[in-house]
Amino acid sequence: MTEIFALAGTNLVSPIILSFALGLLAALARSDLTIPEAVAKGMSIYLLFAIGFKGGVAVSAHGVDTTLLLSIGAGLVLSFGLPLIAFALLRMMTGLSQTDAAAVAAHYGSISIVTFVAATSMLEGRMIAAEGYMVAVAAVMEAPAILSALWLVARSGKQGRMEPELMREILLNGSIVLLVGAFAIGAITGEKGLAEISAFIVSPFKGVLCLFLLDMGLIAGRGLRQSKGVLGIGAVAFAIVMPLVGATIGLGLGMLIGLSLGGIVLLMVLSASASYIAVPAAMRVALPEANPSIYLTLSLGVTFPFNLTLGIPIYLAAAQFAAGA
Amino acid sequence: MTEIFALAGTNLVSPIILSFALGLLAALARSDLTIPEAVAKGMSIYLLFAIGFKGGVAVSAHGVDTTLLLSIGAGLVLSFGLPLIAFALLRMMTGLSQTDAAAVAAHYGSISIVTFVAATSMLEGRMIAAEGYMVAVAAVMEAPAILSALWLVARSGKQGRMEPELMREILLNGSIVLLVGAFAIGAITGEKGLAEISAFIVSPFKGVLCLFLLDMGLIAGRGLRQSKGVLGIGAVAFAIVMPLVGATIGLGLGMLIGLSLGGIVLLMVLSASASYIAVPAAMRVALPEANPSIYLTLSLGVTFPFNLTLGIPIYLAAAQFAAGA
Amino acid sequence: MTEIFALAGTNLVSPIILSFALGLLAALARSDLTIPEAVAKGMSIYLLFAIGFKGGVAVSAHGVDTTLLLSIGAGLVLSFGLPLIAFALLRMMTGLSQTDAAAVAAHYGSISIVTFVAATSMLEGRMIAAEGYMVAVAAVMEAPAILSALWLVARSGKQGRMEPELMREILLNGSIVLLVGAFAIGAITGEKGLAEISAFIVSPFKGVLCLFLLDMGLIAGRGLRQSKGVLGIGAVAFAIVMPLVGATIGLGLGMLIGLSLGGIVLLMVLSASASYIAVPAAMRVALPEANPSIYLTLSLGVTFPFNLTLGIPIYLAAAQFAAGA
Amino acid sequence: MQTHIAKRVEIVIEAPLERRLTNALTQAGVTGFTILPVLGGSGRSGKWSRDGQVGKAGMVAVVCLIRPERLDALLDAAFAVVEKHIGVVSITDAQVLRAERF
Amino acid sequence: MQTHIAKRVEIVIEAPLERRLTNALTQAGVTGFTILPVLGGSGRSGKWSRDGQVGKAGMVAVVCLIRPERLDALLDAAFAVVEKHIGVVSITDAQVLRAERF
Amino acid sequence: MQTHIAKRVEIVIEAPLERRLTNALTQAGVTGFTILPVLGGSGRSGKWSRDGQVGKAGMVAVVCLIRPERLDALLDAAFAVVEKHIGVVSITDAQVLRAERF
Ligand SMILES: Nc1ncnc2c1ncn2[C@@H]1O[C@H](COP(=O)(O)O)[C@@H](O)[C@H]1O
Ligand SMILES: Nc1ncnc2c1ncn2[C@@H]1O[C@H](COP(=O)(O)O)[C@@H](O)[C@H]1O
Ligand SMILES: Nc1ncnc2c1ncn2[C@@H]1O[C@H](COP(=O)(O)O)[C@@H](O)[C@H]1O
Ligand code: NA
Ligand code: NA
Ligand code: NA
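Residue numbers (our numbering), protein chains in the order written: chain A, 1 to 325; chain B, 1001 to 1325; chain C, 2001 to 2325; chain D, 3001 to 3102; chain E, 4001 to 4102; chain F, 5001 to 5102.
Please note that the accuracy of each hint is not assured.
Calculated lysine-lysine pairs in the BS3-like style (CA-CA distance at most 30 angstroms, straight line) [what the hints assert, rightly or not]:
no.: 1; chain 1: F; residue 1: K5047; chain 2: F; residue 2: K5084
no.: 2; chain 1: D; residue 1: K3047; chain 2: D; residue 2: K3084
no.: 3; chain 1: E; residue 1: K4047; chain 2: C; residue 2: K2192
no.: 4; chain 1: D; residue 1: K3084; chain 2: E; residue 2: K4084
no.: 5; chain 1: D; residue 1: K3084; chain 2: A; residue 2: K228
no.: 6; chain 1: A; residue 1: K192; chain 2: D; residue 2: K3084
Rather than coming from a laboratory, the hints here were simulated on the basis of the structure.
Produce the entire structure from the sequences given, and follow the hints as far as they go.
Printed below as a string of structure tokens:
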């Protein structure tokens, strides 16, 4: 326990986390500090490209092992399955309507790539290696949760729209294409390709992450301010309990398929994190009756900061404990 | 021949080319991946500044030789002359109207700075030196082609507008000013200046180029999708034949004035490439009756990818062959 | 005297200054070269974050000494006091109305962070160390001048609005929050934090500064062109005399409180420079009757280039002379 | 100068719906439209601003100039898309040059 | 399709005043508005363009659809904010769908 | 509040023509205008979007409020620039505050 807090302590005084905190405070204090939308989008493209590329290079260097397919499979199972658990929890813990609960559930089955990136950074800082293909697992986990959520709504008689067009949009959404594409480029060009562009995608990576998290803090803070009173205590509790539940399941699956310590932590982080990019856009189309400020506040305002500060160290400690046991 | 393909092969698996391919595929698959306009413009400013500056430093380091003036002269001759050849070819190979043909011709007399940058990168990767002032040649080749095209239209009785105001606009357009200005700054501050900012303009250069080419791929792919059916087979053939014709003339001139191998290749690339930034904007003002989707699709959708993938290796092989002969 | 010119000479041929000159010339020649607003804002966020962070790290490394509090106090005195001097000078030297004079005075009590950054770069280039906390002094000098100016207007019977809401806005404006926040992050994470992100905030810093100054040049040039005829000779003279007056007072205070040579120069630069970000926005709200093109042209079109080219070397020479004496 | 009577329809709609709306308009016989960016706004579902967004969020304004006789078809098409979503539709009387374009 | 009479008010105002204006509108009972970015313009105080700006400068356009009977309250509120500043206010007759929203 | 009759003219035009248009307007006695960015659109010359652009491409919307008696001069000036180009011109009846500004 003290170990977790020590871990969380070191984690908390990193420039990355402090940048997030700065953004959060600035927004809560109603400063007019903002990062232009285009710059924020540019940074997220940079981060996705870099993380995908490095993942691909890692796979090209260490080769594909049987665990790769198992991990992809685990990712699919998690993304399809977690929304069902989230939905059940939400119906128990909160008074949300079926539609709202399903929309929130979709977010928790999907993933937050920034949380994943922050965890990767933290592992690197501690010299804990992880399978490079976890990036690919992240990519496959983006979309399936949306299907589960729509199924939940359809089952309950309310209509949720899943036109084939929407399906295509979800699967080919920018983040997935960029992540998978950069992964492929990294896998094809390997260490040689990395050497050519590492001064761009490796060295400045953490610094860019700081500014990006500053923006995430600003957005999360503004969201929290605007949604004051929208959320009950039950919903907030869900947004902290669900990551822990997800991480536990991720831990089990990760150990089952024989991932390394780092790989297990990343699978836990993927399970624990909630989407706030791809899924909200899909929900606006597929479940327009669901209230966006509920799912955005939970995912971005509560779960994201929780994972970033306490969650990741907890997952690492749990994985170390389980691996040691 | 096999050598060219081997060369093209290594060229094709570079992160730069693969990034372009990723963008192209994403756009053709109708992914919503986009790079914000402001970020794309920021990257192009970065690339122009960096390439200009490095060219200036190279000149300050190696000094100005008599070939410099000859090269500038060759650039002017090419930019004025290539549109005439392009126009003749277009009238033979396609059914385009005189105005459309003239507008397309203007693009092929001018240059694509990104193709130039990609060629520079490729030469650097192969340790082939080139005259630093080729950047200045690139700058002088941007505009004259527009005059030739307007002359072609005027000659045929159709009116093309060349107000003095437009002339000023073309000569002082942002790309030219930035390229020439950065070149001057590089020439003035020399190696010392470069040392101060090389961590910005040298090390991350290739990585930025990757993201920029990702965007070019997206734009080219979207253009191809939207202009389906606009272009006949003759026009597409022109967009591949013309670069080869241009490169051949560039090769002859380059050898005549005694450029190094790298310099010859760059002059070939300048001759072979077609503008898609400065010239289209000028054409909208000067030849509004010309159809933009024709010239943009040919230059950006056909010639640009051709040069990037097959063209540059072919020009290098041809130059090596001619130099060896 | 010759020494100053030699100093100014070396200062003038740096890529930073030449980039500014390029922008100025491009704008005066009415080139369409522009840096997208989002990119310019992104660069200014980068610069503020980097300069704040490095300042914080410096403080964490060398510790807080008693001079810190004295410097903060000096900054407050300068920012409150300089507008009174500026106002008096303006009433003597120009025919500006009381409101316009007060608005201009507010700008000269506040600071230009880019001038500060350029001075820091210049000092680093000459290996002259300066107190890291001068960044904090810069931050405290941003706002008080606005209060003095409003007091000047209120005193003269004309009403200037200082609602509490405006007060909050000024104190929590983006630049101040980012500068102070990054300073705090740097102070907390120290050298270890810097090591993590120095490839982002240290190495490319000067290069980014070049592009940013290119944009400042463009903006200053466009401003000068548009405000032709707005300003009398007296106002222009003020914009050069006032920095010298401010720097002299800064020199005296800096020596009084025992700053190092570098620290003295930076305090002089802060005193001499005039705001063109925070203060203009505040003036639009608080003194809408004041003419923005007067204060923007003086601060950005005259004082900024003066400080950048001649001012900084003069201040350094003066500080060296005074310290030697 | 010769002008022609037309209607100007302005639809403020969520960005993820943009393509669906323009497809519906095109199917309803609309021959042209212009899309403007929106920085922020306020309505029944609260305040929002483009700065507070990640991903493809926010709203856009779609402006359509059409012949009056086509208004009803356009409104039906637009309403089908907008119905369950946040956003507003407004119509103004206008006049246009070059009627052959509409 | 059933439409309802409304007024469309468009206010071009300096960006630093934006929040003050929207607050005033809200207090005057306006239930919604949309904010559009502005690239540049020209008026009595000269030409300007977003490119020539540093910081929170420039202008925005605030568009308000309201019931006609609320127009006067809105104009009074807007005028109080705009009065001493550069900017323009224009009003057009419009029609809206879904009257319950206004 | 006292309002005055005016015309609101909206011109959607290619960005490279922007300065030519505003110069022509100024010469025709127009005292002010506002320029709005455009994200994309569709018309006789097909669909386009700002994302699919390199360089100074795309379109802008120029909005002009003028006294009715100046409308014809404005339309003539605008038409001379727009004539051979893609783009649309629409006119709406409007009212403005502060008539002395127009
Ligand atoms: N009365 C109105 N006038 C102008 N725009 C409005 C109005 N009401 C709503 N909007 C716009 O439509 C969006 C969604 O409105 P709503 O569906 O009422 O939440 C708002 O964020 C505004 O951008
Ligand atoms: N007649 C007009 N039509 C449209 N917009 C205008 C007009 N006059 C002024 N504006 C806008 O309002 C801003 C300020 O105008 P002014 O207060 O006259 O300087 C201008 O920069 C334009 O964006
Ligand atoms: N009916 C229309 N309503 C609104 N905007 C239009 C309309 N027609 C054309 N536009 C705009 O004008 C641009 C050029 O139209 P066009 O000249 O018809 O290709 C389009 O891309 C649209 O932005
Ligand atoms: Na998850
Ligand atoms: Na060429
Ligand atoms: Na000052």
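Hints and how they fare:
The straight-line distance between the Cα atoms of K5047 of chain F and K5084 of chain F is roughly 18 angstroms, inside the 30 angstroms bound, and the hint therefore holds. As the CA atoms of K3047 of chain D and K3084 of chain D are separated by approximately 18 angstroms, the hinted pair is consistent with the 30 angstroms bound. Proposed proximity of K4047 of chain E and K2192 of chain C is contradicted: the alpha carbons are some 49 angstroms apart, above 30 angstroms. At roughly 41 angstroms between alpha-carbon atoms, K3084 of chain D and K4084 of chain E are farther apart than 30 angstroms, so this suggested pair is violated.
Restraint check for K3084 of chain D and K228 of chain A: satisfied, since their Cα atoms lie roughly 25 angstroms apart, inside the 30 angstroms limit. Simply put, K192 of chain A and K3084 of chain D have alpha-carbon atoms about 52 angstroms apart, too far for the 30 angstroms limit, and the pair is violated.
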